[in-house]
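Chains A and B, in that order, give the protein sequences. Oh and the first sequence: position 49 is 49 in my numbering, straight run, nothing missing. Take the position in the second sequence, starting the count at 1, then add 131; the result is the number in my numbering.
Hints were generated in silico from the structure; no laboratory data involved. Small disclaimer: the values here were computed from a predicted structure and weren't measured. Errors might be hidden in some of the hints.
As the list claims (entries may be wrong) - Listed next, the stretches of chain B that the computed footprint assigns to chain A, with coverage defined by at least 3 CB atoms under 8 Å from CB atoms of chain A: (1) 172 to 184; (2) 293 to 299; (3) 324 to 333.
What the hints assert, rightly or not - Partial list, derived from the structure: chain A residues whose beta carbon lies under 7 Å from chain B: (4) Glu77; (5) Ser78; (6) Glu121; (7) His123; (8) Thr124.
Beta carbons: idealized from backbone N, C-alpha and C, even for Gly.
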Amino acid sequence: MSKNAIMAGLVVFVAMALLPFWYNIGGSSAAPEPELSEKAKAAQKCVLDKYDMRANHMSLLDEWRDSVVRDADRLYESTNGKTFQMSLSTGEESCLGCHTDKEKFCDKCHTYASVDPYCWECHTTPKEINQ
Amino acid sequence: MKKSRRSFLKAAGVTALGIGAAPAIKAVASSGSVAAPVKTKKAEALNAKRWGMVIDTNKLTDEVAENIVHACKKAHNVPDFDHEPDAEKYPDTQPVNKTQEIKWIWEEHFEHAFPDKEDEFLAEKFRHLPFLVTCNHCKNAPCVQACPTQATFKREDGIVLMDFHRCIGCRFCMAACPFGSRSFNFRDPRPFIEEINPDFPTRSKGVVEKCNLCAERLAKGQQPACAEVSEGAITVGDLEDPASKVRELLAENYAIRRKQELGTEPSVYYIM
Numbered sequence: 001m002s003k004n005a006i007m008a009g010l011v012v013f014v015a016m017a018l019l020p021f022w023y024n025i026g027g028s029s030a031a032p033e034p035e036l037s038e039k040a041k042a043a044q045k046c047v048l049d050k051y052d053m054r055a056n057h058m059s060l061l062d063e064w065r066d067s068v069v070r071d072a073d074r075l076y077e078s079t080n081g082k083t084f085q086m087s088l089s090t091g092e093e094s095c096l097g098c099h100t101d102k103e104k105f106c107d108k109c110h111t112y113a114s115v116d117p118y119c120w121e122c123h124t125t126p127k128e129i130n131q
Numbered sequence: 132m133k134k135s136r137r138s139f140l141k142a143a144g145v146t147a148l149g150i151g152a153a154p155a156i157k158a159v160a161s162s163g164s165v166a167a168p169v170k171t172k173k174a175e176a177l178n179a180k181r182w183g184m185v186i187d188t189n190k191l192t193d194e195v196a197e198n199i200v201h202a203c204k205k206a207h208n209v210p211d212f213d214h215e216p217d218a219e220k221y222p223d224t225q226p227v228n229k230t231q232e233i234k235w236i237w238e239e240h241f242e243h244a245f246p247d248k249e250d251e252f253l254a255e256k257f258r259h260l261p262f263l264v265t266c267n268h269c270k271n272a273p274c275v276q277a278c279p280t281q282a283t284f285k286r287e288d289g290i291v292l293m294d295f296h297r298c299i300g301c302r303f304c305m306a307a308c309p310f311g312s313r314s315f316n317f318r319d320p321r322p323f324i325e326e327i328n329p330d331f332p333t334r335s336k337g338v339v340e341k342c343n344l345c346a347e348r349l350a351k352g353q354q355p356a357c358a359e360v361s362e363g364a365i366t367v368g369d370l371e372d373p374a375s376k377v378r379e380l381l382a383e384n385y386a387i388r389r390k391q392e393l394g395t396e397p398s399v400y401y402i403m
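Starting from the given sequences, assemble the full structure and let the hints guide the process.
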């Protein structure tokens, strides 16, 4: 007798459980590639290699901040031999000095991954200033 | 297969030894082959054992004082609440409360800068002189002791510095500072910055800020912004170096410090 009710219940349950998957069919897109500026392309080498940078740039920034603020060390000679200014947004040798377009570089992945770092509440981008 | 207790224990021991030795071998093998990144100061950076400031009140006119305050605001993106925010860029900006102003260096009357030295018969000229007051970068800074997150700390060269990233806005430091040298951002300061200077970040709502003795300029080999535009009224140098300009000035002139009796040992001197 209760067979029908159970079956109906099961169908509703399965439909509900799979809803998120159906909802996203066709809607999802491939992970975005951050766009490199001409300057970054020409430089070829970043502070760490590409994959290390992708995975660990936040720890690197954290380390840089402590060095600059607490130890007053501002230059970073990387293991690949290049020297950088330990700064997110000031000067030519800073992160933004090379990756000039925040929207195309930082935001692309951050938006995709729903990461909302609050760097830009204080740090400025040249683009934003000239607006 | 039958194993005696003895042979089992032997095998287990050898295995444990092997597992334990692996990290040690790895560490030995990798040391020396991987270069570590090197962090250094710029060659042109200015260094001191203990930075201090000497303000010559004889050289301070209203005009010079105004220039100094303005230069500091410009260098550090300090908001000015008299500035009318750009309605297009910052719509819905609430009206300002001027008591919530942000101050790094500012003009003060003698009786407020030196309340303990106020006197009925004080020379009249002192009542009209502009006195510039700022963070004293005290040797025994009470704000540093009050900060629960070590956002405020004393750098090795004597500068009392803030790591704005770490500030949680508790304002213990403001209560601890006897000089009122610290300001709290009750609101987003950006609408009130006339022209944003790309060389220094702004602050965000909920963060305390104060004079940093232009640590970012000293690192580039430049004098602090206030000293640069002061026409000789402000000298910044090493208090621990007997040959420095500041020590020379202190040796030749009578100079006082603010609220010296509190024992915080301010590093800002006023030549009277």
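* To do: Taking the numbered hints from earlier one at a time, note which ones the structure violates and give those numbers from smallest to largest.
  => Failing hints: none at all.
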